[in-house]
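J.: Sequence:
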Amino acid sequence: MVKLRYIIALLAVASTTGIASAQWRVVIDPYCISQVAGNTASQKAIEDQHNKREFGIRNTIKKLNRQLE
Numbered sequence: 001m002v003k004l005r006y007i008i009a010l011l012a013v014a015s016t017t018g019i020a021s022a023q024w025r026v027v028i029d030p031y032c033i034s035q036v037a038g039n040t041a042s043q044k045a046i047e048d049q050h051n052k053r054e055f056g057i058r059n060t061i062k063k064l065n066r067q068l069e
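The opening residue of the sequence shown carries number 1 in this note's numbering; numbering runs sequentially from there.
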């Protein structure tokens, strides 16, 4: 009974392998790659600016806490 389950599972996987492999295709689009690169650079610049601002706020809070002590 257990061997029958394994055989049925193996047949199911083997029968769908040909269909699944036909669905995978690598497409390289230079316009898409440049757009993604531009978006990534833009997001990086925004995050760097945000981190810089947050670092300044944290330093200000630390200075205020020192003065209150």
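Hint data in this document are derived by calculation from the structure and do not stem from the laboratory.
Please note: incorrect hints may appear among the correct ones.
No farther apart than 25 angstroms at their CA atoms in a straight line, the calculated lysine to any residue pairs in the SDA-like style are these [stated by the list, open to error]:
{"id": "1", "residue 1": "LYS52", "residue 2": "SER42"}
{"id": "2", "residue 1": "LYS62", "residue 2": "GLU47"}
{"id": "3", "residue 1": "LYS52", "residue 2": "LEU64"}
{"id": "4", "residue 1": "LYS52", "residue 2": "GLY38"}
{"id": "5", "residue 1": "LYS62", "residue 2": "ASP48"}
{"id": "6", "residue 1": "LYS63", "residue 2": "SER42"}
{"id": "7", "residue 1": "LYS52", "residue 2": "LYS63"}
{"id": "8", "residue 1": "LYS44", "residue 2": "SER34"}
{"id": "9", "residue 1": "LYS44", "residue 2": "ARG25"}
{"id": "10", "residue 1": "LYS44", "residue 2": "ASP29"}
{"id": "11", "residue 1": "LYS44", "residue 2": "PRO30"}
{"id": "12", "residue 1": "LYS52", "residue 2": "LYS62"}
{"id": "13", "residue 1": "LYS44", "residue 2": "ILE33"}
{"id": "14", "residue 1": "LYS3", "residue 2": "ALA14"}
{"id": "15", "residue 1": "LYS52", "residue 2": "ALA37"}
{"id": "16", "residue 1": "LYS62", "residue 2": "ASN51"}
{"id": "17", "residue 1": "LYS52", "residue 2": "ILE33"}
{"id": "18", "residue 1": "LYS52", "residue 2": "GLN67"}
{"id": "19", "residue 1": "LYS52", "residue 2": "ARG66"}
{"id": "20", "residue 1": "LYS44", "residue 2": "ARG58"}
{"id": "21", "residue 1": "LYS52", "residue 2": "ASN65"}
{"id": "22", "residue 1": "LYS52", "residue 2": "ASN39"}
{"id": "23", "residue 1": "LYS44", "residue 2": "LYS63"}
{"id": "24", "residue 1": "LYS62", "residue 2": "GLN43"}
{"id": "25", "residue 1": "LYS3", "residue 2": "VAL13"}
{"id": "26", "residue 1": "LYS63", "residue 2": "ASP48"}
The calculated label-pair distances, taken between Cβ atoms and stated as ranges, are [what the hints assert, rightly or not]:
{"id": "27", "residue 1": "HIS50", "residue 2": "LEU10", "range": "44 to 54 angstroms"}
{"id": "28", "residue 1": "ALA45", "residue 2": "ARG66", "range": "29 to 39 angstroms"}
{"id": "29", "residue 1": "GLN67", "residue 2": "VAL26", "range": "34 to 44 angstroms"}
{"id": "30", "residue 1": "ARG58", "residue 2": "ALA9", "range": "30 to 40 angstroms"}
{"id": "31", "residue 1": "PHE55", "residue 2": "ILE8", "range": "56 to 66 angstroms"}
We put the CB at the ideal spot given by N, CA and C, even for glycine.
J.: I'd like to know which numbered hints this structure contradicts. Please list them from smallest to largest.
T.: Result: hints 6, 9, 17, 23, 24, 29, 30 break, sorted rising.
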